[in-house]
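Hey, can you work out the whole structure from these sequences and the hints?
Residue strings, one per chain:
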Amino acid sequence: MNKILLIMRREYLTRVRNRTFLLSTFLLPTVIILFIAGSVVISQQTKTRHRIAVLDANGYFKDYLKSDSSISFIFSPEIDSSNYAQKGATAVMIIPPLPEDKKTIYRLKYKQQLGLAGNADLQGRVDNAIVDHLIYEHTKVSRAQLDSLRLQSNIAELRSYEDNGTSVKESSQGLSFGIGYASGILIYLLTFIYGAMVMRGVMEEKTNRIAEVVVSSVKPFQLMMGKITGIGAVGLTQFLLWVILLVGLATVAQGFISPDTMKEVQQMQQASQVGDASSVARAGQAAQQLYKVQNALATANWGLIIFCFLFYFIGGYLFYSALFAAVGSAVNEDPQEAQSLMMPITLPVIFSFFIMTVAVQDPAGPLAVWASIIPFSSPIVMMARIPFGVPGTVPWWQLGLSMALLILGFVGTTWLAGKIYRTGILMYGKKPSWKTMWKWAFHS
Amino acid sequence: MNILEVRELEKRFSSQLAVDKISFELGQGSIFGLLGPNGAGKTTLIRMITGIFYPDEGSILFEGRPFQPEKDILQIGYMPEERGLYKKMKIGEQAVYLAQLKGLGKQEATSKVKYWFDKFDMLSWWGKKVEDLSKGMGQKLQFVTTVLHEPKLIILDEPFSGLDPVNANLIKDEIYALARKGATIIFSTHRMEQVEEICDHIILVNKGQKILDGTVGEVKRQFKENLFRVGVEGAAGEDEPAAFEVVNRNEGDWVVKIKEGYRSNDVLEYFIRKGQLVYSFTEILPSLNEIFIQLVEGTPRARQFQTV
Chain L
1 MNKILLIMRR EYLTRVRNRT FLLSTFLLPT VIILFIAGSV VISQQTKTRH RIAVLDANGY
61 FKDYLKSDSS ISFIFSPEID SSNYAQKGAT AVMIIPPLPE DKKTIYRLKY KQQLGLAGNA
121 DLQGRVDNAI VDHLIYEHTK VSRAQLDSLR LQSNIAELRS YEDNGTSVKE SSQGLSFGIG
181 YASGILIYLL TFIYGAMVMR GVMEEKTNRI AEVVVSSVKP FQLMMGKITG IGAVGLTQFL
241 LWVILLVGLA TVAQGFISPD TMKEVQQMQQ ASQVGDASSV ARAGQAAQQL YKVQNALATA
301 NWGLIIFCFL FYFIGGYLFY SALFAAVGSA VNEDPQEAQS LMMPITLPVI FSFFIMTVAV
361 QDPAGPLAVW ASIIPFSSPI VMMARIPFGV PGTVPWWQLG LSMALLILGF VGTTWLAGKI
421 YRTGILMYGK KPSWKTMWKW AFHS
Chain D
1 MNILEVRELE KRFSSQLAVD KISFELGQGS IFGLLGPNGA GKTTLIRMIT GIFYPDEGSI
61 LFEGRPFQPE KDILQIGYMP EERGLYKKMK IGEQAVYLAQ LKGLGKQEAT SKVKYWFDKF
121 DMLSWWGKKV EDLSKGMGQK LQFVTTVLHE PKLIILDEPF SGLDPVNANL IKDEIYALAR
181 KGATIIFSTH RMEQVEEICD HIILVNKGQK ILDGTVGEVK RQFKENLFRV GVEGAAGEDE
241 PAAFEVVNRN EGDWVVKIKE GYRSNDVLEY FIRKGQLVYS FTEILPSLNE IFIQLVEGTP
301 RARQFQTV
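Chains as they are written, first to last, in my numbering: chain L, 1 to 444; chain D, 1 to 308.
Calculated directly from the structure, the hints in this document are not laboratory data. Some clues are possibly wrong.
Unchecked claim - List time: in silico DSS-like cross-link candidates among lysine-lysine, alpha-carbon distance up to 27 Å:
| hint | chain 1 | residue 1 | chain 2 | residue 2 |
| --- | --- | --- | --- | --- |
| 1 | D | Lys-21 | L | Lys-439 |
| 2 | D | Lys-21 | D | Lys-220 |
| 3 | L | Lys-3 | D | Lys-90 |
| 4 | L | Lys-419 | D | Lys-21 |
| 5 | D | Lys-119 | D | Lys-129 |
| 6 | D | Lys-106 | L | Lys-219 |
| 7 | D | Lys-106 | D | Lys-88 |
| 8 | D | Lys-114 | L | Lys-3 |
| 9 | L | Lys-219 | D | Lys-90 |
| 10 | L | Lys-111 | L | Lys-62 |
| 11 | L | Lys-431 | D | Lys-87 |
| 12 | D | Lys-90 | D | Lys-172 |
| 13 | L | Lys-102 | L | Lys-87 |
| 14 | D | Lys-181 | D | Lys-114 |
| 15 | L | Lys-219 | D | Lys-88 |
| 16 | D | Lys-112 | L | Lys-3 |
| 17 | D | Lys-71 | L | Lys-419 |
| 18 | D | Lys-71 | L | Lys-219 |
| 19 | L | Lys-66 | L | Lys-102 |
| 20 | D | Lys-87 | L | Lys-219 |
| 21 | D | Lys-21 | L | Lys-219 |
| 22 | L | Lys-219 | D | Lys-112 |
| 23 | D | Lys-71 | D | Lys-181 |
| 24 | D | Lys-114 | D | Lys-129 |
| 25 | L | Lys-219 | D | Lys-152 |
| 26 | D | Lys-87 | L | Lys-3 |
| 27 | D | Lys-181 | D | Lys-112 |
| 28 | L | Lys-3 | D | Lys-106 |
| 29 | D | Lys-152 | D | Lys-112 |
| 30 | L | Lys-3 | D | Lys-128 |
| 31 | L | Lys-431 | D | Lys-114 |
| 32 | D | Lys-88 | L | Lys-3 |
| 33 | L | Lys-439 | D | Lys-207 |
| 34 | D | Lys-119 | D | Lys-181 |
| 35 | D | Lys-207 | L | Lys-3 |
| 36 | L | Lys-3 | D | Lys-71 |
| 37 | L | Lys-3 | D | Lys-152 |
What the hints assert, rightly or not - Estimated spans, in silico, between C-beta atoms of each pair:
| hint | chain 1 | residue 1 | chain 2 | residue 2 | range |
| --- | --- | --- | --- | --- | --- |
| 38 | L | Leu-34 | D | Gly-136 | 48 to 56 Å |
| 39 | D | Phe-13 | L | Gly-392 | 50 to 58 Å |
| 40 | D | Lys-129 | L | Val-252 | 38 to 46 Å |
Nothing here was measured: the structure is a model prediction, and the numbers come from that model. Even for Gly, the Cβ is constructed at its ideal location relative to N, Cα and C.
In structure tokens form, the structure reads like this:
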């Protein structure tokens, strides 16, 4: 035990003292933020504006079709279905007379695809125009009246509560989705980053030929465990630094919010406790936004989420890093060899990531439930479900079973990896096949 | 007392018999040579003695009791042939770390490392990384980390490879000094001249089996061919000597082989009777190198694949 601690200490210190540790700790979040910001900016910048010429045989679409920044409609007698491109339109829509008693086909001719979303959008606008027109035809309520009614009708707000039997708790689907998605991605990334770090560390020991020196002092299993726990501690340290960074940034950001806005937020909070939402309507936009964020954040069960995140991060890391260590021990200098042996390990991780993206949409579905119980995928998938509520969406028995299986799972992978590692670390030469590694695990 | 006794040790890998019923004993303070061609099973044998592998059959006694790897490896210092160090780690810290793995406390380890570094003129290198060291310096560091915890049994696999003669002598002197202080040394190599110079006792392993066991003198006598070099003044007679046959003759320098049933004195008697002056008379013993080649040759150079 003492020796595992010694090895762990060395693994931890050599990595934390390294300049790249600090660099990656601050660089990774920056890169992620830049990546998200960049992709948002790009997707907005590159949104194509469609100009659709309309050839309407009914005569009323001119008044009912609504143009905006993504689609604009042109009504001009000079445009026909052959010259629309020269006149600056990207597509032409030909609407024949639409009798009320049967379905009629209208056509879109284009040079430039609208895409799936664009098509649906266009169809919705045409449908709305028809509905508005029919309402006017049958009730003589004008479009202007309809529009003003629509604006005024924004008077109710849905809040959902989780029913725990004795008490009810306010919940936020959006926040649950966000937390679930973010924790899923984070555990996915960390599993890969630290798993690969364990593998490289083992390969380094093997190619440096220090492995045999060390295993003449300690058991190979101790060396492996020391490395895994040491690097795991590096991961936790890095995670802690991220939390501190995040809290620090949030505090700094709060300093920039004007005191008036904060006051309004407080008023809203007090008012909403007595069920009155009228102050929300009176408050400024900034205050409303902030109030929404604060209100949503307060709905999450942070204690449980953080505990589970740490549990599944550590559990998933232990489960997979042992396998990564086994691969590292089996290969030689050539990183290509490692690639091919890593495949069977990386596949379930990537697969769990895809299940996770489904699970955040349907956290109680059978795929999400099973994937969150099986230890191969549970670290990533369970974290996508937990924010939706325990014991509502995730019953206690599922959480308990998932945790127990994960513990059993990593004990199992560690045992298996230990056996492969013990033989592999001293084997040089040809890359072993899975069959030989199986033999190392079960016949030696 | 024997520090190490190996009895009928056997180890097989999936289909290969790597070590086949090897037994030997090792007295305290002796320098023991473990010889054998590549792939003979030396490393496997050593790995069992250092607790890295478990034997399939047979037993190891350490200081007279059954070998308990967990505890006893702290008394063993092993410098493997495939050796290395953490390249990015400072050499002082690295030596202390490896000593701590052998069960030394941090302070004790630090003071011992300082003592050895001082001895090898390496103190100024303390904060340097291993990748900055020359190969010879690295070897010295490796040797220091092997003997630092004052092991009772030191196993050195090709300790002089990569060392210049000056540094090789330095290490050799340390090996003698350690043996004098009571440490037992197992020395594995294929450099026979070093074995002749250093070792008291040798065993030769080939294809997993022990084929030779004894002191250097015993082994040489066992393989002697009764060859003598005689320096004689004056011309020789033409008659055929009964006691020996002449293997080679260059003026007064004779190499003779004594025939079965005769002794060296019979050779001398022959020359004396002739009235010739004998000014030198030495037995030609085979070098270990010759014995090694004689024993190993004839067997396939590499071990053939065999099914068990």
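How the hints compare with the structure:
For the hint linking D:Lys-21 to L:Lys-439, the alpha-carbon distance of about 24 Å falls within 27 Å, and the restraint holds. Of the pairs offered as hints, the one joining D:Lys-21 and D:Lys-220 holds, with about 24 Å between alpha carbons and a cut-off of 27 Å not exceeded. Taking the CA atoms of L:Lys-3 and D:Lys-90, the gap is near 20 Å; set against the 27 Å cutoff, the hint holds. The hinted pair formed by L:Lys-419 and D:Lys-21 meets the criterion: a straight-line CA distance of about 26 Å does not exceed 27 Å.
With a CA separation close to 19 Å, the supplied pair D:Lys-119 and D:Lys-129 stays within the 27 Å bound. As the CA atoms of D:Lys-106 and L:Lys-219 are separated by approximately 20 Å, the hinted pair is consistent with the 27 Å bound. Distance hint between D:Lys-106 and D:Lys-88 is fulfilled; the C-alpha atoms sit about 21 Å from each other, no more than 27 Å. Taking the CA atoms of D:Lys-114 and L:Lys-3, the gap is about 23 Å. The hint holds against a cut of 27 Å.
Using a Cα cut-off of 27 Å, the hinted pair L:Lys-219 and D:Lys-90 holds, with the two alpha carbons roughly 24 Å apart. Taking the CA atoms of L:Lys-111 and L:Lys-62, the gap is near 23 Å; set against the 27 Å cutoff, the hint holds. Of the supplied pair hints, the one linking L:Lys-431 and D:Lys-87 holds, its CA atoms being roughly 24 Å apart against a limit of 27 Å. In summary, the hint linking D:Lys-90 to D:Lys-172 is supported, as the alpha carbons are separated by about 26 Å, within the 27 Å threshold.
For the hint pairing L:Lys-102 with L:Lys-87, the CA-to-CA distance comes to about 33 Å; that exceeds 27 Å, so the pair is violated. Between D:Lys-181 and D:Lys-114 the CA atoms are separated by roughly 20 Å; this keeps the pair inside 27 Å, and the hint holds. Using a Cα cut-off of 27 Å, the hinted pair L:Lys-219 and D:Lys-88 holds, with the two alpha carbons roughly 23 Å apart. About 20 Å separates the Cα atoms of D:Lys-112 and L:Lys-3, which keeps this hinted pair within 27 Å; it holds.
Restraint check for D:Lys-71 and L:Lys-419: satisfied, since their Cα atoms lie roughly 21 Å apart, inside the 27 Å limit. Between D:Lys-71 and L:Lys-219 the CA atoms are separated by roughly 11 Å; this keeps the pair inside 27 Å, and the hint holds. The straight-line distance between the Cα atoms of L:Lys-66 and L:Lys-102 is roughly 24 Å, inside the 27 Å bound, and the hint therefore holds. About 22 Å separates the Cα atoms of D:Lys-87 and L:Lys-219, which keeps this hinted pair within 27 Å; it holds.
Proposed proximity of D:Lys-21 and L:Lys-219 is supported: the alpha carbons are some 25 Å apart, at most 27 Å. Among the hinted pairs, L:Lys-219 with D:Lys-112 is consistent with the structure: their alpha-carbon atoms are about 24 Å apart, no more than 27 Å. Simply put, D:Lys-71 and D:Lys-181 have alpha-carbon atoms about 22 Å apart, close enough for the 27 Å limit, and the pair holds. Straight-line distance between C-alpha atoms of D:Lys-114 and D:Lys-129 comes to about 16 Å, which keeps the hinted pair within the 27 Å bound.
Pair hint L:Lys-219 plus D:Lys-152 holds up; C-alpha atoms about 20 Å apart against a cutoff of 27 Å. Between the alpha carbons of D:Lys-87 and L:Lys-3 the distance comes to roughly 21 Å, so the proposed pair stays at or under 27 Å and holds. A threshold of 27 Å between alpha carbons decides the hint, and for D:Lys-181 with D:Lys-112 the separation of about 16 Å falls inside it, so the pair holds. For the suggested pair L:Lys-3 and D:Lys-106, the alpha carbons sit about 13 Å apart, so the restraint of at most 27 Å is met.
Simply put, D:Lys-152 and D:Lys-112 have alpha-carbon atoms about 16 Å apart, close enough for the 27 Å limit, and the pair holds. For the proposed pair L:Lys-3 and D:Lys-128, the alpha carbon gap of about 25 Å is at most 27 Å, so the pair holds. Restraint check for L:Lys-431 and D:Lys-114: not satisfied, since their Cα atoms lie roughly 41 Å apart, outside the 27 Å limit. Only pairs whose Cα atoms come within 27 Å are accepted, and D:Lys-88 paired with L:Lys-3 is accepted, the gap being roughly 21 Å.
Our distance criterion of 27 Å between C-alpha atoms is met by L:Lys-439 and D:Lys-207, whose separation comes to about 24 Å. At roughly 17 Å between alpha-carbon atoms, D:Lys-119 and D:Lys-181 fall within 27 Å of each other, so this suggested pair holds. Restraint check for D:Lys-207 and L:Lys-3: not satisfied, since their Cα atoms lie roughly 36 Å apart, outside the 27 Å limit. Simply put, L:Lys-3 and D:Lys-71 have alpha-carbon atoms about 13 Å apart, close enough for the 27 Å limit, and the pair holds.
The suggested pairing of L:Lys-3 with D:Lys-152 holds, with an alpha-carbon distance near 21 Å, which does not exceed 27 Å. Our hint of 48 to 56 Å for L:Leu-34 and D:Gly-136 holds, since their Cβ atoms are close to 49 Å apart. Checked against the hint of 50 to 58 Å, the pair D:Phe-13 and L:Gly-392 passes, with Cβ atoms roughly 56 Å apart. Between D:Lys-129 and L:Val-252 the C-beta distance comes to about 39 Å, which sits within the given range of 38 to 46 Å.
Comparing the model with each earlier hint shows violations of hints 13, 31, 35; every other hint is respected.
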